[in-house]
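Please construct the entire structure, taking both the sequences and the accompanying hints into account.
Just so you know, we're using the working numbering here: the sequence shown kicks off at 1 and counts up by one.
To be clear, the hints were calculated from the coordinates, so they are not data collected in a lab.
Just so you know, not all the hints are guaranteed correct.
Unchecked claim - Restraint ranges, calculated between C-beta atoms of paired labels, are given here:
#1 Gln46 with Met162: 29 to 39 Å
#2 Thr105 with Asp2: 41 to 51 Å
#3 Pro69 with Pro187: 34 to 44 Å
#4 Glu107 with Pro209: 26 to 36 Å
#5 Thr103 with Asp67: 18 to 28 Å
#6 Thr105 with Gly78: 32 to 42 Å
#7 Leu206 with Asp178: 47 to 57 Å
#8 Leu206 with Lys132: 44 to 54 Å
The beta carbon of each residue, even a glycine, is placed where N, CA and C say it ideally should be.
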Amino acid sequence: MDLELEGKVAIVGGASKGLGRACAEVLAQEGVKIAMCSRTQADLEQADEEIRQATGAETFVFPGDLDNPSTIASLVAGTVERFGRLDIMINNSGGPPLARAATATEEQWATAIQRSLLFFARMSREAIPHLKQQGGGRIINILASTVYQPIDNLALSGATRMGVVAFAKSLADEVGRDNILVNNVCPGSILSDRMLSNVTSRANELGIPVEEALAQRAAETAIGRVGRPEELA
Numbered sequence: 001m002d003l004e005l006e007g008k009v010a011i012v013g014g015a016s017k018g019l020g021r022a023c024a025e026v027l028a029q030e031g032v033k034i035a036m037c038s039r040t041q042a043d044l045e046q047a048d049e050e051i052r053q054a055t056g057a058e059t060f061v062f063p064g065d066l067d068n069p070s071t072i073a074s075l076v077a078g079t080v081e082r083f084g085r086l087d088i089m090i091n092n093s094g095g096p097p098l099a100r101a102a103t104a105t106e107e108q109w110a111t112a113i114q115r116s117l118l119f120f121a122r123m124s125r126e127a128i129p130h131l132k133q134q135g136g137g138r139i140i141n142i143l144a145s146t147v148y149q150p151i152d153n154l155a156l157s158g159a160t161r162m163g164v165v166a167f168a169k170s171l172a173d174e175v176g177r178d179n180i181l182v183n184n185v186c187p188g189s190i191l192s193d194r195m196l197s198n199v200t201s202r203a204n205e206l207g208i209p210v211e212e213a214l215a216q217r218a219a220e221t222a223i224g225r226v227g228r229p230e231e232l233a
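The structure is reproduced here in C-alpha cells:
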C-alpha cells in the first residue's frame, strides 16, 4: 500500500528499540526521511545501520537526553537543517519509573512528569512552527493502555499520560486550522524492554519465573498473546 509519504520527513523518539524503532523502520519503508533519536548512542547507531540497509532510507542520527529542553530544540533544528523540512513528529519516550500510586517518591513523580508530560509538550512545541511552514503535518503520541486501565506498578504512567491525553486534545483544537493533526496511540501489551522490566519485577515479587509472569500477562489479552512492536507501527 502506498501511503503517499515519499519524501516526507519524520522525527522518531526512542528510535533505538521497541516501538520507536518499529515506527522508524515502517516509515523508512514508505520513503520517509527519518531523524532517529535515543539516549543510547550504540543502540541508536545499530538501529540506524540496520534500517538503512533494509530500506535505503536517508537518516539522521541524534543521540541525546530528551529530558533536556535544549536537546529537543537542537534535535528539531538539526533535522530541519539536514532535510529542509519537517512533516511528522512521533512522540515516543522511555516510560516513567515503575511505581505504585500510594508509595511513589517525589523523585519518581518528578521524573515521570519530565519524561512523559513535559517531553510531549516540548517536542510538539518545537515541531509546530515547522509543520505550519509545510502547510500541515502530523503529531503522533505513543502512550500506553494505562490511560484507560490501571496496571500494577505503572501508576505514574497512567497519571502522567492522562495529562498528555488532555494536552493533545487542547493542542489538536488549537492547530487543527493549520492542517496539523494530533493523535494519541495507546497500545496494550507490546513486547518491549519496558514491558519485560515490569514483568520481571512482578515475577520477583511473586517468586515465579519470568516466563510464567509473561504467560500470565499474555493470558489477560483478548488474543492470548502480547503484541509485537511492528504490529503497532
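Satisfaction of the hinted span 29 to 39 Å by the C-beta atoms belonging to Gln46 and Met162: holds (34 Å)
Supplied distance hint 18 to 28 Å, evaluated on CB atoms of Thr103 and Asp67 = About 23 Å separates the Cβ atoms of Thr103 and Asp67, which means 18 to 28 Å holds.
Outcome for the supplied range 47 to 57 Å, where the beta carbon pair is Leu206 and Asp178 | holds (50 Å)
Cβ separation of Thr105 and Asp2, checked against the hinted range 41 to 51 Å:
Once the Cβ atoms are compared, 49 Å apart, the range 41 to 51 Å for Asp2 and Thr105 holds.
* Is the distance from the Cβ of Pro69 to the Cβ of Pro187 consistent with 34 to 44 Å? -> violated (27 Å)
Notebook entry, point to check: Taking the beta carbons of Glu107 and Pro209, is their distance inside 26 to 36 Å?
Noted result: holds (31 Å)
Within 44 to 54 Å: is that where the Cβ-Cβ distance between Leu206 and Lys132 falls? About 51 Å separates the Cβ atoms of Leu206 and Lys132, which means 44 to 54 Å holds.
- Query: Would you say the C-beta atoms of Thr105 and Gly78 sit inside 32 to 42 Å of each other?
  - Reply: Holds, since Thr105 and Gly78 (Cβ atoms, about 35 Å apart) stay within the stated range.
The structure fails to meet hint 3 from the earlier list, while all remaining hints are met.
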